[in-house]
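Protein chains: 2
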Amino acid sequence: MAYELYYWPMIQGRGEFVRLALEEAGADYVDVGRKPKGEGGGPGAIAAFLGDEANPRPSYAPPILKDGGITIAHTANILLYLGGRIGLAPDDEAGRTWAHDLQLTVTDFVLEIHDTHHPISNALYYEDQKEESVKRAALFLEHRVPKHFAYFESVIDRNPDGAHLIGAGLTYPDLSIFQLIAGLRYAFPNAMARIEPDYPNLTALHDAVAARPNIKAYLESDRRIDFNEMGLFRRYPELDG
Amino acid sequence: MAYELYYWPMIQGRGEFVRLALEEAGADYVDVGRKPKGEGGGPGAIAAFLGDEANPRPSYAPPILKDGGITIAHTANILLYLGGRIGLAPDDEAGRTWAHDLQLTVTDFVLEIHDTHHPISNALYYEDQKEESVKRAALFLEHRVPKHFAYFESVIDRNPDGAHLIGAGLTYPDLSIFQLIAGLRYAFPNAMARIEPDYPNLTALHDAVAARPNIKAYLESDRRIDFNEMGLFRRYPELDG
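Residue numbers (the numbering used here), protein chains in the order written: chain X, 463 to 703; chain Y, 463 to 703.
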């Protein structure tokens, strides 16, 4: 049975980290939100799934993956569940735990990225917290991007088996590094042109992922939603210091 | 062999969610940071462990748990690893995944709580972002606390087996609900006096956890660090709207 992904159809957002894994693996999946409304899709289907009061184990927020009778929320939890099943995680417990550890560092970084354009509240428009966003983004680019990049760069340096985060082959956190680099380049082109050259492992990993046949085909397809200013990575020139 | 917890000794912080699980289970563990410096403890020991350049799988940040040859970082990942081993998680995969799902919602909420006093940057003192903190905290108390509380309240409502999050017995996310309530009461006593009565399941769960013999003994011991203004939950009266 196909995996069912429940996520907002208008953005890459957090769901994109899951889409990339499913696409790389060539897994059979349905992106429910992107199906036509007449076929049970669209944002209404996501909201309905989320609001189902009969669900004994309700999810807090999308992305949510349904695999037959099991429902899993949180990007990192979904990838932990999928990793072994679709060949994108180590087989042993120590390796699985390590992959999940890296993904949880991505999770925290993603929330920090989000808050560059929403430092005060999700309940306010960006325009109503622009001044604070300018402050937060400047310090984010000065401190947090280099700290996270240096960390992931060093994980690749310490991997004796290749230019990936873990072992000799691709694992799902590698796909997330691709997405982080692509998204940050979109949101902060000036800052990234300055910062990224110090982290050649990350650039090389981004390029290696982008060149993989399934990812390349996905990126060129209509299934890849364009970056936009509703998503996680937003291009606001005043934040790109 | 005893579990070794690596976490800052001066705060409850994120490590406290792990300490509570180890204490409830009566697990054999060493809180490395709280040992005397002469016995290899103290904050220097945590920093040294974190900065060990020979570690092929470096952690991004504490808390870190060492169990023999395996090292695990991120609170939720540590609890996932420990849960089954110390009898605080369901046995089946769907149950384990669900417990982890709830814990990851706690993780995101914890970062939101942290950012009420650091909305602009960790690189600045609270005093240098106080104005923005006042704005963020007010909207956090108005929107985010009720949203998370309503979610966890509803999870307990939907559990047919008892006044816990999962099944008939205690699991590690229950301990985290205790800690969230205790911490938010410390940080925002006025707001919590107003908000908490709407969520009786959460208050009852907090009280049930606090009354458990191992937790009660822990809370009364010197091992429980007091809440303070270096930690996650900080009492700044100007934020308690």
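Honestly, the hints are just simulated from the structure, not real lab data.
Computed from a prediction, not measured in an experiment: that's the story for all the values here.
A few of these clues could be false.
Where chains are identical, the list cannot tell them apart; a pair therefore holds if satisfied intra-copy or between any two copies.
Derived pair list, reagent style DSS-like, types lysine-lysine, alpha-carbon separation capped at 27 Å [unchecked claim]:
| # | residue 1 | residue 2 |
| --- | --- | --- |
| 1 | LYS497 | LYS678 |
| 2 | LYS528 | LYS609 |
| 3 | LYS528 | LYS497 |
| 4 | LYS609 | LYS592 |
| 5 | LYS678 | LYS609 |
| 6 | LYS499 | LYS528 |
| 7 | LYS528 | LYS678 |
Okay, the hints, checked on the actual structure:
In this homomeric assembly, LYS497 and LYS678 come within 27 Å of each other (Cα to Cα) only inside a single copy, at 22 Å, whereas the closest approach across copies is 52 Å. With identical chains, the CA atoms of LYS528 and LYS609 are at most 27 Å apart between copies only, with a shortest distance of 24 Å across copies and 35 Å within one. Proximity of LYS528 and LYS497 under a CA criterion of 27 Å is satisfied intra-copy only: 16 Å inside one chain copy versus 45 Å between copies. Taking the shortest alpha-carbon separations for LYS609 and LYS592, both the intra-copy value of 24 Å and the inter-copy value of 24 Å come in at or below 27 Å.
In this assembly of identical chains, LYS678 and LYS609 lie within 27 Å of each other by CA distance neither inside one copy nor across copies; the values are 29 Å within and 39 Å between. Taking CA atoms no more than 27 Å apart as the test, LYS499 paired with LYS528 passes inside one copy only; the shortest distance there is 19 Å, against 49 Å between copies. Proximity of LYS528 and LYS678 under a CA criterion of 27 Å is satisfied intra-copy only: 26 Å inside one chain copy versus 39 Å between copies.
When the structure is compared with the earlier hints, a violation turns up for hint 5 alone.
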